[in-house]
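Peer 1: Chains as they are written, first to last, in this note's numbering: chain Z, 1133 to 1243; chain P, 18 to 132.
Hints were generated in silico from the structure; no laboratory data involved. All residues carry an ideal CB built from backbone N, CA and C; glycine is no exception. Any given hint might turn out to be false.
With a Cα cut of at most 35 Å, we get these calculated DSBU-like pairs of lysine-lysine [said to hold, decoys possible]:
#	chain 1	residue 1	chain 2	residue 2
1	Z	Lys1134	P	Lys39
2	Z	Lys1242	P	Lys58
3	Z	Lys1174	P	Lys35
Some, not all, of what chain Z presents toward chain P, calculated at C-beta under 8 Å [to be verified]:
#	residue
4	Arg1173
5	Lys1174
6	Gly1175
7	Pro1176
8	Glu1177
9	Leu1178
10	Lys1230
11	Phe1233
12	Gly1234
Computed footprint of chain Z on chain P; a stretch qualifies when at least three of its residues, placed anywhere within it, have a C-beta under 8 Å from a C-beta of chain Z [unchecked claim]:
#	stretch
13	47-59
14	62-73
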Amino acid sequence: QKEVEQDPGPLSVPEGAIVSLNCTYSNSAFQYFMWYRQYSRKGPELLMYTYSSGNKEDGRFTAQVDKSSKYISLFIRDSQPSDSATYLCAMLYNQGGKLIFGQGTELSVKP
Amino acid sequence: ETGVTQTPRHLVMGMTNKKSLKCEQHLGHNAMYWYKQSAKKPLELMFVYSLEERVENNSVPSRFSPECPNSSHLFLHLHTLQPEDSALYLCASSQDLPGGTDTQYFGPGTRLTVL
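Using the sequences provided together with the hints, build the complete structure.
Peer 2: What follows is the structure, encoded as structure tokens:
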């Protein structure tokens, strides 16, 4: 079983839609949860970071962590064509560890 | 731009060639990383350097040889590669020692094709 599972998509939505991206994980020891965005022909960039359970909001983006279900989500409100990218979830056991990535979900937002 | 540059951006090489990938960070960071990104697979951490010393080597075949001459530069030397080594190779850097919540800044990657 993979440590982190992420549906690779592709996911196609119309402009303005609410997008939900998800990852599940198997090890309850993960404490730090991140979302990276990767545009075509670019490296990943950190989008959101959350420690432990709960929600975190930044503009149109909300990151949600449910440790009891071992499930994390990224919500994008009022999606824009510029949001079209691959979204990678990543997790850390603790400080000093290494990032464990999901395989990424390819998102396309159509005008 | 993230402050991390990689050259070349694209590389095609035969299985008997020797080539090198270069990464340079202009952020004053102390830690640098090599990752491999294959289609539909998670990023795989290959090597980690902290203050020019290798701190992690994730069971990477010896045909990949990293070099970190100073805290701003990182190389990945390639020799006798296999077609399955074709992938996007990403370099990243972070301010402090590897891991933790310190943000990693990624370069644009080198797209490697092994014929």
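Peer 1: Now, for every hint given, state plainly whether the structure supports it.
Peer 2: Comparing the hints with the structure gives:
1. Restraint check for Lys1134 of chain Z and Lys39 of chain P: the C-alpha separation of about 31 Å stays at or below 35 Å, so the hint holds.
2. About 25 Å separates the Cα atoms of Lys1242 of chain Z and Lys58 of chain P, which keeps this hinted pair within 35 Å; it holds.
3. Proposed proximity of Lys1174 of chain Z and Lys35 of chain P is supported: the alpha carbons are some 25 Å apart, at most 35 Å.
4. Checking Arg1173 of chain Z against chain P by beta carbon gives a least distance of about 7 Å; that is within 8 Å, so the hint holds.
5. The beta carbon of Lys1174 of chain Z comes within 5 Å of a beta carbon in chain P, closer than 8 Å, and the hint placing it at the interface holds.
6. A hinted interface residue such as Gly1175 of chain Z counts as satisfied when its beta carbon comes closer than 8 Å to some beta carbon of chain P; here the least separation is about 3 Å, so the hint holds.
7. Contact between Pro1176 of chain Z and chain P, as hinted, is supported at the beta carbon level, the nearest pair being about 5 Å apart and thus within 8 Å.
8. The interface hint given for Glu1177 of chain Z holds, since its Cβ lies 7 Å from the closest Cβ of chain P, which is under the 8 Å cut-off.
9. The beta carbon of Leu1178 of chain Z comes within 5 Å of a beta carbon in chain P, closer than 8 Å, and the hint placing it at the interface holds.
10. Checking Lys1230 of chain Z against chain P: minimum C-beta separation of about 5 Å stays under 8 Å; hint holds.
11. Hint status for Phe1233 of chain Z: holds, given a least beta-carbon distance of 4 Å to chain P, under 8 Å.
12. With 8 Å as the threshold, the beta carbon of Gly1234 of chain Z comes within range of chain P, its nearest partner Cβ sitting at about 6 Å, so the hint holds.
13. Coverage of the stretch 47-59 of chain P by chain Z holds [criterion: at least 3 residues with CB-CB distance below 8 Å; count 3].
14. With a cut-off of 8 Å between beta carbons, the stretch 62-73 of chain P has 3 residues touching chain Z; three or more are needed, and the interface restraint holds.
Violated hints for the displayed structure: none, as all numbered hints are satisfied.
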